[in-house]
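Q: Residues per chain are reported as follows:
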Amino acid sequence: MTEIATPAPVRIDSPAKRIAKQFVEDPIAVIGLILFVLIALIAIAAPWIAPQNPYDLMQLSIMDGGLPPGETSFATGQTFWLGTDQQGRDMLSGIMYGLRISLMVAVVSLTLAITIGTIVGVAAAYFGGRFDSIVMRIVDLQLSFPAILIALILLALLGRGVDKVILALVIVQWAYYARTVRSSAMVETRKDYIDAARCLGLSNRRIMFRHLLPNCVPPLIVVATVQIAQAIALEATLSFLGVGVPITEPSLGLLIANGYDYLLSGRYWVSVFPGIALVVTIIAINVVGDRLRDVLNPRLQT
Amino acid sequence: MIVYLVRRVGQSLLAVMAMAVLVFLGVFFIGNPVDVLVSPEASQAQIAATVERLGLDRPLYEQFGIFVWNALQGDLGTSFVYGRPALEIILDRLPATMELALVALALSVGIGIPLGVWAGLRPDSIAGRTIMGGSILGFSLPNFWQGMLLILVFAVLLGWLPAGGRGETTEFLGMQVSFLTWDGLSHLILPAINLALFKMSLIIRLARANTREVCMQDYVKFARAKGLSPRRVVLVHVLKNIMIPVVTIIGLELGSMVAFAIVTETVFAWPGMGKLLIDSINLLDRPVIVAYLMLTVLIIVGINLLVDVIYSLLDPRIRLSEMKG
Numbered sequence: 001m002t003e004i005a006t007p008a009p010v011r012i013d014s015p016a017k018r019i020a021k022q023f024v025e026d027p028i029a030v031i032g033l034i035l036f037v038l039i040a041l042i043a044i045a046a047p048w049i050a051p052q053n054p055y056d057l058m059q060l061s062i063m064d065g066g067l068p069p070g071e072t073s074f075a076t077g078q079t080f081w082l083g084t085d086q087q088g089r090d091m092l093s094g095i096m097y098g099l100r101i102s103l104m105v106a107v108v109s110l111t112l113a114i115t116i117g118t119i120v121g122v123a124a125a126y127f128g129g130r131f132d133s134i135v136m137r138i139v140d141l142q143l144s145f146p147a148i149l150i151a152l153i154l155l156a157l158l159g160r161g162v163d164k165v166i167l168a169l170v171i172v173q174w175a176y177y178a179r180t181v182r183s184s185a186m187v188e189t190r191k192d193y194i195d196a197a198r199c200l201g202l203s204n205r206r207i208m209f210r211h212l213l214p215n216c217v218p219p220l221i222v223v224a225t226v227q228i229a230q231a232i233a234l235e236a237t238l239s240f241l242g243v244g245v246p247i248t249e250p251s252l253g254l255l256i257a258n259g260y261d262y263l264l265s266g267r268y269w270v271s272v273f274p275g276i277a278l279v280v281t282i283i284a285i286n287v288v289g290d291r292l293r294d295v296l297n298p299r300l301q302t
Numbered sequence: 001m002i003v004y005l006v007r008r009v010g011q012s013l014l015a016v017m018a019m020a021v022l023v024f025l026g027v028f029f030i031g032n033p034v035d036v037l038v039s040p041e042a043s044q045a046q047i048a049a050t051v052e053r054l055g056l057d058r059p060l061y062e063q064f065g066i067f068v069w070n071a072l073q074g075d076l077g078t079s080f081v082y083g084r085p086a087l088e089i090i091l092d093r094l095p096a097t098m099e100l101a102l103v104a105l106a107l108s109v110g111i112g113i114p115l116g117v118w119a120g121l122r123p124d125s126i127a128g129r130t131i132m133g134g135s136i137l138g139f140s141l142p143n144f145w146q147g148m149l150l151i152l153v154f155a156v157l158l159g160w161l162p163a164g165g166r167g168e169t170t171e172f173l174g175m176q177v178s179f180l181t182w183d184g185l186s187h188l189i190l191p192a193i194n195l196a197l198f199k200m201s202l203i204i205r206l207a208r209a210n211t212r213e214v215c216m217q218d219y220v221k222f223a224r225a226k227g228l229s230p231r232r233v234v235l236v237h238v239l240k241n242i243m244i245p246v247v248t249i250i251g252l253e254l255g256s257m258v259a260f261a262i263v264t265e266t267v268f269a270w271p272g273m274g275k276l277l278i279d280s281i282n283l284l285d286r287p288v289i290v291a292y293l294m295l296t297v298l299i300i301v302g303i304n305l306l307v308d309v310i311y312s313l314l315d316p317r318i319r320l321s322e323m324k325g
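Residue numbers (the UniProt record's numbering), protein chains in the order written: chain V, 1 to 302; chain Y, 1 to 325.
These aren't lab readings, by the way, just hints derived from the structure by calculation.
This list has only true hints and no planted wrong ones.
So the derived label-pair ranges between C-beta atoms look like this: (1) Y:106 to V:206: 51 to 61 angstroms; (2) Y:311 to V:51: 49 to 59 angstroms; (3) V:51 to Y:157: 28 to 38 angstroms; (4) V:200 to Y:222: 49 to 59 angstroms; (5) V:262 to Y:4: 51 to 61 angstroms; (6) Y:18 to V:127: 14 to 24 angstroms.
Being a predicted model, the structure only gives us computed values, none of them experimental.
For glycine and all other residues, C-beta sits at the position ideal for the given N, C-alpha and C.
For reference, chain V alone in the conformation it holds in the complex (with noise of 0.2 angstroms):
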């Protein structure tokens, strides 16, 4: 009598699981998780955490005014880790309100340029046709124009505001997400459990969101972590060139456009402890990000 082998059972995990232990193989990707959950942690604690409101003047002491990193304050003998600005201000405390901004502007710009770029790019792949046509003209026209110019365009014309910076970040990222989502919303389209959900008669809508959606998360995921990190940068950018978020709220950009006239006559520190906040936050997302693109990625699987 022959014995036949069974097959040793297979425990199969759920896609969540499988992507979150192919992740952290990479100790690179891990480090660059930990250091930004450690920053965004620091900027939605930063009212509780800072050693001082920056903005509120009561606390702020002429007298400390350009003290360099490791100095103790006159006025209330707190140590000033990394200097203060020209207003006394302690720059910790800034760069910890200031990653608060930056965040939260890229954040709420992401979310909603994602909203609107996915149920545009859904739409117009399952519909089809002229809308798609349409649609996808304007994304063209648009991504053929630098990002920057774009923003700079709306905001020299609508001015100074952290929900003009938002409004204007949105408008320069929907057409990412919109092309993300449609290029993989159309090779879905044509397969038959979206005939099938046809043939049950469910409206378009459902379709869309509970049939097509789900299948097209992962590429957006890729091009959001890439998207989040672009747009830090951009408002940065935005906001070192004076056109970004108003003095009142300053943001890391803005922070460092503050310093930058020290620059030059050695006080480094007002621009470049900022620069340095914003260079990590950038990298870390960005080794997440890799890191996720290739876990993501269906061909390099096996």
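Following the hints, complete the assembly by docking chain Y onto the known chain V.
A: Just chain Y, lined up with the frame of chain V:
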């Protein structure tokens, strides 16, 4: 070919028109056009004259017609700050920006392609990895920050190069240029590197990916088997074949360089169009802003058109697929 050409020119005109409509609506529709187009210090009579000249009392489509008609004749308004035609002021600044962009382009190609090919030939070597790591930094870090670091290191700490301005200029082909004198050149180096870094990173990645692909092809293997020196294989067989995609990207990126120059020019106080735009935004000199936008759109669309046409001449496949689509 003619069908393709007509189509492509038509698309470009459409793009310029669309941008003209957007700029027009932006200036004339958001807020009161009189506030936008007349200097705050203008007298009542001057305001009335402008309203008359621009036909602001007429319906919107007629106003748009007037705007386009004036723009076609090169009249994009008069600067509030300088009191001269806006277009003229911008054209004065154009050579400085073009010089910067072209030098930056030359740098990014001249350094980017060799580094990219090198990294592509030895993707796992330390040099290859370092080049790739550097290129990631090159295009993920904000341009203005890279510029500031350059100033901090080379101008403040080392004191080798000036931190800003254009330096001495000389006349060359009827334009003022910097690169012919040592003083001008020393002012040009840092901004050009700053502007080049982003494109260089892009070219490095592209050249590397293409080199890796080309090296797998049979003709490279045959060239090696034939006993050609590695040098000749790389310089002739590999390099020639990676050039097609690289040249396309270079062409397309030249247009965006004009836009990216806004940041570099602001950081280095380089007296080009980009710095003029930022100054004009801060001074609310709107005719100059409008003129800048229209001119830049024209430049970008024109370059894209040129690249596409040249490309289709070189590669008939593009032409045919476009005609079908």
